[in-house]
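There are 2 protein chains.
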Amino acid sequence: MTQKKRSERETLPQKAGKLIVELGDKIYTQLSNLEPPAVSIPSRSIDNIVFDERLQQYVLGHKSIRRGFSNVRGAKGLAQLLWVAYVANELIKSDQVTTLRDLYYTSLNEKMLEIKEQAETDSQVEDLEAILSVPRETFNIIPHDRGTAFGRLVLEYTIKGFQGNRVDLMSHPDGVSIGPALAQARFVSSDSNFVLVVEKHAVFIQLIREKLHERFGALLIETGGQASRAARILIRRLNKELGLPVYILTDADPWGMHIALVIISGSAKSAHIKDLATPSAKWLGFWATDIEKYKVPSLVLNDVDYKRLEELKKDPRYNDKFFRAQIEWFMRKRKKAELEAFSSKNTTIGVTYLANTYLPEKLRELGAT
Amino acid sequence: MTQKKRSERETLPQKAGKLIVELGDKIYTQLSNLEPPAVSIPSRSIDNIVFDERLQQYVLGHKSIRRGFSNVRGAKGLAQLLWVAYVANELIKSDQVTTLRDLYYTSLNEKMLEIKEQAETDSQVEDLEAILSVPRETFNIIPHDRGTAFGRLVLEYTIKGFQGNRVDLMSHPDGVSIGPALAQARFVSSDSNFVLVVEKHAVFIQLIREKLHERFGALLIETGGQASRAARILIRRLNKELGLPVYILTDADPWGMHIALVIISGSAKSAHIKDLATPSAKWLGFWATDIEKYKVPSLVLNDVDYKRLEELKKDPRYNDKFFRAQIEWFMRKRKKAELEAFSSKNTTIGVTYLANTYLPEKLRELGAT
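Protein sequences appear in the order of chains A and B. Using UniProt numbering, the letters of the first sequence map in sequence onto residues 1 to 369. Using UniProt numbering, the letters of the second sequence map in sequence onto residues 1 to 369.
The set of hints was computed from the structure by calculation and includes no laboratory data. Misleading hints may appear alongside valid ones.
One copy or any two copies: either way a pair holds, since identical chains are not told apart in the list.
[What the hints assert, rightly or not] The calculated PhoX-like cross-link candidates involving lysine-lysine, where the alpha carbons are at most 25 Å apart (straight line), are:
1) 321 <-> 307
2) 335 <-> 313
3) 345 <-> 76
4) 321 <-> 295
In this text, all values refer to a predicted model and were calculated from it rather than measured experimentally.
For reference, chain A alone in the conformation it holds in the complex (with noise of 0.2 Å):
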């Protein structure tokens, strides 16, 4: 292996603390120069968020607000943000974690801040991460995760007590849990060929029995519906590190699509942080086109569903022949389907149709085989 460039071995946090350090040096020579201190935030508002037909995503647009001491609102705001940096600074020297929640609670000691809500740390950490364009995971302030990964690939975790340890996604049949410390974590090698992301726990424990990283090299994710943030970082960073395709499986019905097309395009609400969608990951399947071409038991569409596809409809991130086509065929057809649908094919027991027939025959559909 090459000799790592030292930017290269630096932690997620330990570039964002880096970034926190020069807000506050920018701060400290406004100050030093008998400035009014201010700094420059993207704008998160609605009219700021559009979306990039390039990228396949929302980004922020260029306008951007400045927070300063012009005025008393400015002036407390800009207390509260600094203060929030302050704590990102502080968790990250000492590789501890919080949450959004906690960071309200830990607020009220502060009494000069005047916070009354939780919105307004809320909102001051996400001026932070459109400030320093990263997500708050990696400035420590962590959400609540779920999702679980298994597969051939060896990491080393970067937090502290846990550096230069190797240990391999494969020593734990249940698979291991998708938190901050696997998302930063270092990739050391891999011999993967794609990752497959399921939205079903139970399937997911399936496609480990039969034995799917064996027999295609595939390293499975599971994302308990919507992935969190983790996941969709880990999912992204895979795909960007070590270039290996994504493939995402979900039932077929507009939520489990939807969930294919959050990991693809990423949502408005995050358009302020890159490095969470990622645009070359291809919805596998079960699409709604394949409930006839397999003949499998459908269910029909209720009207949430209908109505949530109406809502897609208008989505820009929709705009592209195949889910446009997959959206129609929905709405035409009236039905949808779950992924253990498959199990009415099985015909030996312990022998699933979904990981001996239908996913083979779409790997290679897609080119993934």
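Since the structure of chain A is already known, use the hints to place chain B on it.
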């Protein structure tokens, strides 16, 4: 280590497989003797579910039903039951797993079983649990699990491809996912002092970063709300097989208290299964009475909380002086509080009051340290 007896080296699915074969033998003998085949099944009807004061959990009474060829409905039911037992045995032999939903779809292939809806196959699975007196995970019909584990425990997985490898629950700092393989793994050794169950993922991650495993010898389990069956099996086994005391940490509200109680006493719905409850487990906190004792910010109980407390008050599992006092406190003061509220008492960023003051005090109070 002393040589283990052969019976102890059998995995839980292997034991369940033997019980299934015994059931099959019984039917075979009946048929050989030209008797009409029949099985006796412990009744799961509500009038046969009783609260055992000594065990402090729900168990089945002495009623049983006989399912046999005395009428058409009985004959169909027996055929369905034996088909489910056959599927379970095939799954155990091939080390594969399935879910209730998959099982229903698979049953659609067997036209002679005349299965119309999933409630029928679900009920047969519960009857098989009652006959064998083991949870369905044990015969490889798995639920959608949740939960994560971390701490000083060396174990050996027993499923194919993983046998014999000794792995450590300390190797992944976001924890290891709790599924059927972990719930059934053999425990090799542990120098943990107790099990600490926490309801929230982010708190679990924070306690790992605060090194509770090193400082107190805590083996940490996160449940993600109500503990899944796999998590409850794992907690019980850690208590029974390794003799580790179990402490449960939740929010101070009726929902958190009930998470603790289900781990301690189980539920009426699983009265037909032994080995899910941990009667000696203790609710460590966050107690109702700790809200004022520790002077943390509280929230007002809403109507849904209050209604839930009125239900719990009538529940025989709460017929205990300590729990009654907690319920009364909640109802009288109409207050609740989250674990995150302890962050209002943090004085140094990165050093939480929860891990450094509250938990050590409570562990001492309950005799854990």
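Identify every previously stated hint that the structure contradicts and give their numbers, smallest first. The structure conflicts with no hint, since it agrees with every one listed earlier.
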